[in-house]
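Chemist: Read top to bottom, the protein sequences are chains S and X.
If you read the first sequence in the working numbering, its first letter stands for residue 1, the second for the next number, and so on.
If you read the second sequence in the working numbering, its first letter stands for residue 1, the second for the next number, and so on.
FYI, nobody ran anything at the bench for these hints, they're computed from the structure.
Take these hints with a grain of salt, some might be off.
Stated by the list, open to error - Label-pair distances were calculated between CB atoms; the ranges are:
1) R15(X) - N85(S): 34 to 44 Å
2) A32(S) - R89(X): 22 to 32 Å
3) N79(X) - D89(S): 26 to 36 Å
Claimed, not checked - Only part of the chain S face toward chain X is listed, based on derived beta-carbon distances under 7 Å:
4) G44
5) T45
6) N86
Here a beta-carbon is modelled for each residue, glycine too, at the ideal position from N, C-alpha and C.
This is what each chain is made of:
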Amino acid sequence: MIRSEILKEIAPILRDELVVCNIGIPSQELHAIDDQPSNFYMLGTMGLASSIGLGLALVQPKPVIVIDGDGSVLTNLGTLPTIANNVADNYILLIIDNGSYGSTGDQPTYAGRKTSLAKVAEACGCERVIECSAEDTGRVLQEALEARKMTVIVSKCESGNAKMPVITMDPVVIRDRFMKTVEA
Amino acid sequence: MSIDSRITDDLVASRIEFVTTVPCKQLAGVIDEIDKRPEIAHVPANKEDEGMGLCAGAWMGGKRPAIIMQNTALGVTLNTLATLTQFYRMPLPMLISYRGELGEPVACQVEMAIHTKALLAQMHIPAYHFHDQADVAELPKILEYTFMCNKPVAILTDASFWGGY
Numbered sequence: 001m002i003r004s005e006i007l008k009e010i011a012p013i014l015r016d017e018l019v020v021c022n023i024g025i026p027s028q029e030l031h032a033i034d035d036q037p038s039n040f041y042m043l044g045t046m047g048l049a050s051s052i053g054l055g056l057a058l059v060q061p062k063p064v065i066v067i068d069g070d071g072s073v074l075t076n077l078g079t080l081p082t083i084a085n086n087v088a089d090n091y092i093l094l095i096i097d098n099g100s101y102g103s104t105g106d107q108p109t110y111a112g113r114k115t116s117l118a119k120v121a122e123a124c125g126c127e128r129v130i131e132c133s134a135e136d137t138g139r140v141l142q143e144a145l146e147a148r149k150m151t152v153i154v155s156k157c158e159s160g161n162a163k164m165p166v167i168t169m170d171p172v173v174i175r176d177r178f179m180k181t182v183e184a
Numbered sequence: 001m002s003i004d005s006r007i008t009d010d011l012v013a014s015r016i017e018f019v020t021t022v023p024c025k026q027l028a029g030v031i032d033e034i035d036k037r038p039e040i041a042h043v044p045a046n047k048e049d050e051g052m053g054l055c056a057g058a059w060m061g062g063k064r065p066a067i068i069m070q071n072t073a074l075g076v077t078l079n080t081l082a083t084l085t086q087f088y089r090m091p092l093p094m095l096i097s098y099r100g101e102l103g104e105p106v107a108c109q110v111e112m113a114i115h116t117k118a119l120l121a122q123m124h125i126p127a128y129h130f131h132d133q134a135d136v137a138e139l140p141k142i143l144e145y146t147f148m149c150n151k152p153v154a155i156l157t158d159a160s161f162w163g164g165y
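So that you can see chain X by itself, here it is in the shape it has in the complex (with noise of 0.2 Å):
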């Protein structure tokens, strides 16, 4: 099974339905899984601080959410995180591509990449980093820690995650 499969698998297991991108490419695969189940409403976002208002919304309603991302749009986020996300206690998955991590070959996402991790330590974000593929094992209990807790939970997935460039 690829990966994408087996992460889109997970996000249905863990009963999400309704999704939130601004795409990156290593994350088009798992973009593209979820347009094909049905499970998963999906509503491309302009900007990643909208995607997580129309998360909010999504969770209220009674959708549990989650937003595909990339860390370099983190700092647009900061004050919804604050002010909606962790004020309102919301749970919310970010399912970030960490751009500018080892085998990247575009110098300015590594200016980033070097904030991202104190950045979401600052913002008290738990963050799990997927290194290896085998790390996506832990994505389901990962999921649910974030909808028993009721916080943004941060899955940081690089270069080396997804097999390079």
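Chain S on its own, in the form it takes in the complex (with noise of 0.2 Å):
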């Protein structure tokens, strides 16, 4: 399975909460897939994704998704160490583990050879990780609403991408409908 595959899979579950999406294709996959008001597409700024998500999450109730890939988590590294020591509940970092920049033409990162960011949350204190194949990602993320613990998901699957558009909406559009729906 390749993202866009997962994210198929996943819409169902994601539709009906507050998303953060990384930059690049995974916004792009999504966007094309089950575009929501409740998404907020990061249209630049790699590696954000998960510090985005944090702030929101800390500072109020709702389950906030964050979808990342290896290689922004690896650009953000110092994000793990904040994250874990800022416990939201109502937090999920999920993870979407290719092993290679798949936005930039597939190069590989350093996830998918010798590093382990499952092993690397759990050392920076992130208490509930799961690491997972991309055929089991929908089951853990619905486990992880429901367990309300802040959550962090390694789903590994094949490097690959869809041939979507680029989101040409409005950054201040994708912000402002996004903050409606937090507010209501």
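Using the hints, put the two chains back together into the complex; each one sits in its own frame.
Modeler: Below is the structure:
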């Protein structure tokens, strides 16, 4: 399974939740599969999806699901200690780990070689870390929502991208409709 | 009243409820003071761009944020300021320790100090420079202005303002 197949499968779970989605093709795929005002698409700023989601989870009670990638987490590795030490039980970090920088031509990341992001997250102090196969992602995500415990999920999948259009929605529109959903 | 309490009082009065910090010894007193205030959630960050991400999330969640950082880190935040804070039109007061100004004992700090105002100007970030202690009187208005216009706004506080090293 590749990332877009996981996103298609978990779209019904994501639909009713606040979602912060990683830069590039992941956001394009989610936008094409199931655009919702409750999705915050990152159009730039590689690495900060997990930080934006954590800030959001810490200040309000609704569940927040961050869809991140292994490359982006490696870019902002300092996020994992911050997550571990500022526990928000409404926060789920779903790292779709395809071992590659998908948006830039599928160059391999270190997570696809010797580095285990699940072990890094555990070493940083994250208490509920689950590594799963791509096929199990929906079940693990649903269980994490029901557990109401801060969870880091590392979903191991194959490298590859679906061809989806670039998001042309204005960033202020994305942000405004997202904030209205948060507030509702 | 100490300058640290005064600045923190102004943050609270401006309804800032989420502060992220990467420390500087000049701002250590303000950070200590923030930790004493139940009105403000303090989330230390490992890097300033990470902190700006946290602030973006907190603001979209309905809380006014602020970041406390050193000017030496301005370079690592430029992409975040342009593609997140500015692109999505988000307010962000940046209380910045302006290292490398008069009285600075560490030569290397001067290297980023000489670029600080130029970078802020290039980024079209409104910048206010606190040099005398009396300059702090403008802080409430600067905070009000930041949340009025939804922009990042820099407050540079130099060694003279803090009374030396």
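Chemist: Run every hint past the structure and note whether it holds.
Modeler: The hints, checked one at a time:
| no. | hint | result |
| --- | --- | --- |
| 1 | R15(X) - N85(S): 34 to 44 Å | 25 Å, violated |
| 2 | A32(S) - R89(X): 22 to 32 Å | 25 Å, holds |
| 3 | N79(X) - D89(S): 26 to 36 Å | 31 Å, holds |
| 4 | G44 | 3 Å, holds |
| 5 | T45 | 4 Å, holds |
| 6 | N86 | 5 Å, holds |
Going down the numbered hints, you'll see the structure goes against just number 1.
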